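*Asks:* Each chain, written out:
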Amino acid sequence: MWEYTDKVRDHFMNPRNVGEIENADGIGEVGSLACGDALTLYFKLDDTGKIADAKFKTFGCASAIASSSALTEMIKGIPLEEAEKITNQDIAEYLGGLPKEKMHCSVMGREALEAAIAYYRGIPLPMAEGEVVCECFGVTDLEVKRAIEENKLQTVEEITNFTKAGGGCGKCIPRLEEILREVRHEAKPLILDQRPGRLTTLQKIKRIEEVLEREVRPALRKDGGDIELIDVDGDFVIVSLRGACGTCKKSQTTLKEYVEKKLREQVLDTLIVEEGK
Amino acid sequence: MNTVYMDNNATTRVAPEVVEVMLPYYSDLYGNPSSMHTFGGQVGRAVEEARGKIAALLGARPEELIFTSCGTESDSTAILSALQSFPEKRHIVTTRVEHPAVKNLCESLDKLTGHKHRITQLPVNSDGTLDLKLYEESLSDETAIVSAMWANNETGVIFPVKEMAEIAKSRGILFHTDAVQAVGKIPINLSQVPIDFLSLSGHKLHAPKGIGVLYVRKGTPFVPFIIGGHQEHGRRGGTENVAGIVGLGKACEMAAQQMQDENTRVKALRDKLEDGLLASIPNSLLNGHKTLRLPNTTNISFEFVEGEAILLHLDRFGICASSGSACTSGSLEPSHVMRAMGVPFTAAHGSIRLSLSVYNTEAEVDFVLEKLPPVIAQLREMSPFWQSQHKGKVGNSQCKCSCS
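The listed protein sequences correspond, in order, to chains A and B. Each residue of the first sequence is one higher than the last, beginning at 1 in my numbering. Each residue of the second sequence is one higher than the last, beginning at 278 in my numbering.
Bound conformation, chain B alone (with noise of 0.2 Å):
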């Protein structure tokens, strides 16, 4: 059976020129770049071209990225220096919508720091998009740092980072950005943007999982999260991931030459997908923006069905996706991004996220639109509010949730 894989958003295939670029450093190249002698020099050279390919996809300075294990590494070394840099300012502003790795973090903060935060998260509109009046509003002299995705991961809708840097910057606070869905999807400028910190992903951009970076602008105050040696001048310790770090340079090169790919053909291959299924599936919607969004990223819900029940039918014909329900009994409720947004209950349970790479073609585009309305309408045959909708009667009101 083949993998029809579109769950780009989890993590993405390691392009097969990365892993090629990556092998000689797994085998005859694997000198420590620190060292003195030539040996380790040479594999110090290729860190440092790797980091040069990686500052032009995001018109950085070579020097102000710091290598890391992951994209949450590098979120908790952003947040959690600003917070050190400033530890008289006790606010923080983030958004409901973030990933754990910031979310949960900023919600740990009192039990990490003994020092007590007030955390704003900010509301998002029922489209997933942000209020820049209410951020404004948000800001005061209390606040350490913002903290907001460029993109969303479940629902690929773009804040505008721009702007909200610039408020940051003119009112005097730190601004980080989550930029792990955004990286390589779409074009990135820092020269233009007044960000502080940004934190990207490797493997979500088809480099290998354990690698990640943080930008931190040249100037921003900075203490260190994992201390030890001297790497990264003494930004972050720890011997070079040296493999990961050569892969992704070449990632980051390959996602500079297919950014228009990306959203041209990609773009038109997700809207095909997109607008096949919501006009085949009845009672189907869209989650999120429909244009201020990530080119390869669509959500949609299907009333009256349950997400994990429409993800395993598909897995039978090696369809990836993924779902906004976890279905587990201790988080019953959608994901915390579907109840910001405020997606009624009747869709809120059927939410399934495809994510699409460059890897991706028309023929699988075609096989999902062919394979989901058939699991769609079985599903619904078995599910007792899709005949009692007709009968004008949505389920019984016994359970009152207070999640809404």
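Chain A with its partners taken away, still in its complex shape (with noise of 0.2 Å):
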């Protein structure tokens, strides 16, 4: 169940402006019945530049259609040039705010602004002419990064929020993290660079002997101690601890709080260390 708020049922249940402009100066298409909703804006100008009448059609969801009712609602009467400058909080805050799984819905209302008007003034739409990032949505970089700066946008689940990028199958997202970092001026973090999120066993058991090499054995060995690796089964690491270890009473917590901890940062957080009898 949506918690809507009164104005987008309102808009909803009492669509203003269905229908289609004959004749109409700028005509906007977004979406397609694949995606789940779709949207085909008119607008008829004036004599003075001023849009006198808007009109849509929409396929979709509660709030596509209220986005949509309340957007034909916001340009009528206003000149091209102030139209233009709606963006899709401002849809969103006339409905009284939409949930933030369906902003796109108002994301969705205002392409179809923009491209209306990129056909009235006969020019390519600008958004379009970036890289598709998402296929099964057809969302370009420059919508992701307009989305992520307008709307403040921190984690790859907001840019599906606000753009749908990322909904379908899911192959963009890596490519979405990139643009989210490249925009917010961030570097890669360091430690997840160096910990992908599947590793083939082999590859598993390198970088496990590195990490136990590197930095495990070398103070085990301060104590008198030290580690073999035994065998690697899933995430399951079964190593025996040596010399002092073997008899130190506190081998169990070495192995859980130091051991894995190490293993869990820089290979796997899902490594499990046990002892092999």
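Read the hints as simulated data drawn from the structure, not as lab findings. None of the values given here were measured: they were computed from a predicted structure. One or more hints might be untrue.
For lysine-lysine, the following BS3-like pairs were computed, each having C-alpha atoms within a straight-line distance of at most 30 Å [stated by the list, open to error]: (1) K206/A <-> K388/B; (2) K261/A <-> K388/B; (3) K152/A <-> K256/A; (4) K262/A <-> K393/B; (5) K171/A <-> K222/A; (6) K388/B <-> K486/B; (7) K648/B <-> K7/A; (8) K250/A <-> K206/A; (9) K486/B <-> K527/B; (10) K256/A <-> K204/A; (11) K388/B <-> K262/A; (12) K648/B <-> K171/A; (13) K439/B <-> K55/A; (14) K261/A <-> K204/A; (15) K410/B <-> K206/A; (16) K393/B <-> K204/A; (17) K393/B <-> K261/A; (18) K330/B <-> K495/B; (19) K549/B <-> K648/B; (20) K55/A <-> K44/A; (21) K544/B <-> K439/B; (22) K388/B <-> K204/A; (23) K85/A <-> K50/A; (24) K388/B <-> K250/A; (25) K206/A <-> K648/B; (26) K55/A <-> K85/A; (27) K206/A <-> K222/A; (28) K145/A <-> K55/A; (29) K7/A <-> K44/A; (30) K486/B <-> K256/A; (31) K366/B <-> K410/B; (32) K486/B <-> K544/B; (33) K171/A <-> K527/B; (34) K204/A <-> K366/B; (35) K85/A <-> K44/A; (36) K7/A <-> K55/A; (37) K145/A <-> K85/A; (38) K256/A <-> K410/B.
Both chains are given apart, each in its own frame, so use the hints to dock them into the complex.
*Replies:* Structure representation (structure tokens):
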């Protein structure tokens, strides 16, 4: 159950300006049947360059219909140059807010308006010029960047909420992370970079050996102990403690609090270290 | 405003008779069934009496039932038990249309167990039915367990569970079925079907939420999931949900009595509803096999409109239904069931499930038949694809969804 504002409900149940305009000055089509929502926006200008009439047709959920209806109300009677400044946030605010998972509906409204203005001016749609990042929903990097900047987005999940990018097969999520970092001028965190999500068993063994050799063994040897890697089975790392460690009462603590912690930090955070008998 | 409840595959009304038998266990009869004293002992007897009634509905022995907290716990217990019983077998056969309780569990096994598992998700035909030949070919010596639902929650389509279980048995492979939607709606006789594990959930058959059952055939290897006290003979720790168990016993007793009504009167209501909607609304199509189906469920797609919008309009009239399209940004694709069946995109986003129960009336069916067609017409009126459809154009192709 979505928590919609009364204004969203009203614009959904009683949508304003549904229909088409014959000989419209501007027509903007965004979305598609496959995507689950689509909007066609029409506007007609008067002699002074103001939007005399606006109509829409929308396929989609309640907030898509409400966003379309709100948009037509917002642009009617104002000059085209003013309409051009409307952002997705303005549409969401006009409706008293939208659930965060539905913000893409307001973005769709804004993009339809841009497409209709580009149609009127006979120029290609600026946003469509970019590189297509999300193939499922046909979202370009320019659209993603703008959504991040204008809405101060922090996570990929938020990007999906606003642009739908990443909401289909999810293949573009690494690219979205990259764009997010680019826009927010953040360097790649080093540790994450060293720990990819999936490792083959061979890669795991190599990395585990590296960490043991570089950090764990030197520390244990100081106390007269040592450690040997016996086996890696899935996430289970079987080791044997040697020397002083083998008889130390605290060896379990060493294993869990020190060895496992180090390996989780530097190899894979799901690893479980156990002592082989 | 009256509520017209047609979402019984989501959950059901707790039968008043069920509430009535449960109430004493929330007041006077609060004893622990494991206690040595008479006060607790009488509660223990009530649990065993309920166990007998549930076993009777399933054609099982009472000692083959383990009480759990829900259908999901039963599913997890069965599958994880099989994997622990045969740790050397790392292959599972399931289907593409399972409930998330099975689907997501199977997809998370590597993380859960720390071992890599091969998961075969069998495809379904466009009517939601399963190809037995493909199933047979998918089994191998590596297969630890087969998990296939008895009936699908979205479409009501029934799988040939008996044949599938027999094939698995002949190959020495454990067989689990999620029968959450089937129990109480269609006859089940486990003395005739060689199933090892069966999951059921109370709240789908007019018992309360929070009570489930896992059937484990006598002789099937079993490793408990929740470890604790000796309850359920050590097979599931935790003090029994006594009121829930007693309620489920009553609900199963009633289901056995109402099975006939469900498969005649409720089925007739469902058919009237379905035929009426398909006849009065153009460009509508049935999702799922016409006859190999639960008697209470219908799933219909209305082309060129979106499910959530339909549901919200129905909600205005107090009509409760559900949709196969989630329309949240995180999962904009239609449900995995619709996708597995290959329902075209023109229709997949506009699928509506209406699921009835013995409490529905003909007047309610007439009410939905009166209210739903204008809702679809109104939404189509504002859909850019409705008119374009008549112009012979279906949408624009900008969006290349990979989810077909």
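*Asks:* Evaluate each hint against the coordinates.
*Replies:* Hints, verified against the model:
Between the alpha carbons of K206/A and K388/B the distance comes to roughly 20 Å, so the proposed pair stays at or under 30 Å and holds. For the hint pairing K261/A with K388/B, the CA-to-CA distance comes to about 18 Å; that is within 30 Å, so the pair holds. Proximity of K152/A to K256/A is assessed by CA-CA distance (about 40 Å); at most 30 Å being required, the pair is judged violated. Proposed proximity of K262/A and K393/B is supported: the alpha carbons are some 23 Å apart, at most 30 Å.
Our distance criterion of 30 Å between C-alpha atoms is broken by K171/A and K222/A, whose separation comes to about 47 Å. For the given pair, K388/B sits about 29 Å from K486/B by alpha-carbon distance, which is consistent with the 30 Å threshold. Taking the CA atoms of K648/B and K7/A, the gap is about 24 Å. The hint holds against a cut of 30 Å. Taken as a hint, the K250/A and K206/A pair is honoured in the structure, with Cα atoms around 27 Å apart against an allowance of 30 Å.
Simply put, K486/B and K527/B have alpha-carbon atoms about 14 Å apart, close enough for the 30 Å limit, and the pair holds. Proximity of K256/A to K204/A is assessed by CA-CA distance (about 18 Å); at most 30 Å being required, the pair is judged to hold. At most 30 Å may separate the alpha-carbon atoms for a hinted pair to count; K388/B and K262/A meet this at roughly 19 Å. This hinted pair does not check out: K648/B and K171/A have alpha carbons roughly 42 Å apart, beyond 30 Å.
Restraint check for K439/B and K55/A: the C-alpha separation of about 57 Å exceeds 30 Å, so the hint is violated. Straight-line distance between C-alpha atoms of K261/A and K204/A comes to about 15 Å, which keeps the hinted pair within the 30 Å bound. The straight-line distance between the Cα atoms of K410/B and K206/A is roughly 43 Å, outside the 30 Å bound, and the hint therefore fails. Our distance criterion of 30 Å between C-alpha atoms is met by K393/B and K204/A, whose separation comes to about 14 Å.
Proposed proximity of K393/B and K261/A is supported: the alpha carbons are some 23 Å apart, at most 30 Å. Restraint check for K330/B and K495/B: satisfied, since their Cα atoms lie roughly 18 Å apart, inside the 30 Å limit. Between K549/B and K648/B the CA atoms are separated by roughly 15 Å; this keeps the pair inside 30 Å, and the hint holds. A hinted pair counts as satisfied when its Cα atoms are at most 30 Å apart, and K55/A with K44/A qualifies at roughly 9 Å.
For the hint linking K544/B to K439/B, the alpha-carbon distance of about 23 Å falls within 30 Å, and the restraint holds. Straight-line distance between C-alpha atoms of K388/B and K204/A comes to about 15 Å, which keeps the hinted pair within the 30 Å bound. Of the supplied pair hints, the one linking K85/A and K50/A holds, its CA atoms being roughly 14 Å apart against a limit of 30 Å. The hinted pair formed by K388/B and K250/A meets the criterion: a straight-line CA distance of about 29 Å does not exceed 30 Å.
Restraint check for K206/A and K648/B: not satisfied, since their Cα atoms lie roughly 65 Å apart, outside the 30 Å limit. Taking the CA atoms of K55/A and K85/A, the gap is about 19 Å. The hint holds against a cut of 30 Å. A hinted pair counts as satisfied when its Cα atoms are at most 30 Å apart, and K206/A with K222/A qualifies at roughly 24 Å. A C-alpha spacing of about 29 Å is found between K145/A and K55/A, which places the hinted pair at or below 30 Å, so the restraint holds.
Straight-line distance between C-alpha atoms of K7/A and K44/A comes to about 26 Å, which keeps the hinted pair within the 30 Å bound. Between K486/B and K256/A the CA atoms are separated by roughly 40 Å; this puts the pair beyond 30 Å, and the hint is violated. Distance check on the hinted pair: K366/B and K410/B sit about 22 Å apart at the alpha-carbon level, within 30 Å; holds. Pair hint K486/B plus K544/B holds up; C-alpha atoms about 25 Å apart against a cutoff of 30 Å.
Proximity of K171/A to K527/B is assessed by CA-CA distance (about 50 Å); at most 30 Å being required, the pair is judged violated. With a C-alpha separation of about 23 Å, the suggested pair K204/A and K366/B falls inside the 30 Å cut-off, and the hint holds. Restraint check for K85/A and K44/A: the C-alpha separation of about 18 Å stays at or below 30 Å, so the hint holds. Between K7/A and K55/A the alpha-carbon distance is near 19 Å, which keeps this suggested pair within the 30 Å criterion.
Only pairs whose Cα atoms come within 30 Å are accepted, and K145/A paired with K85/A is accepted, the gap being roughly 17 Å. Distance hint between K256/A and K410/B is unfulfilled; the C-alpha atoms sit about 49 Å from each other, more than 30 Å.
Against the hints set out earlier in the document, violations occur for numbers 3, 5, 12, 13, 15, 25, 30, 33, 38.
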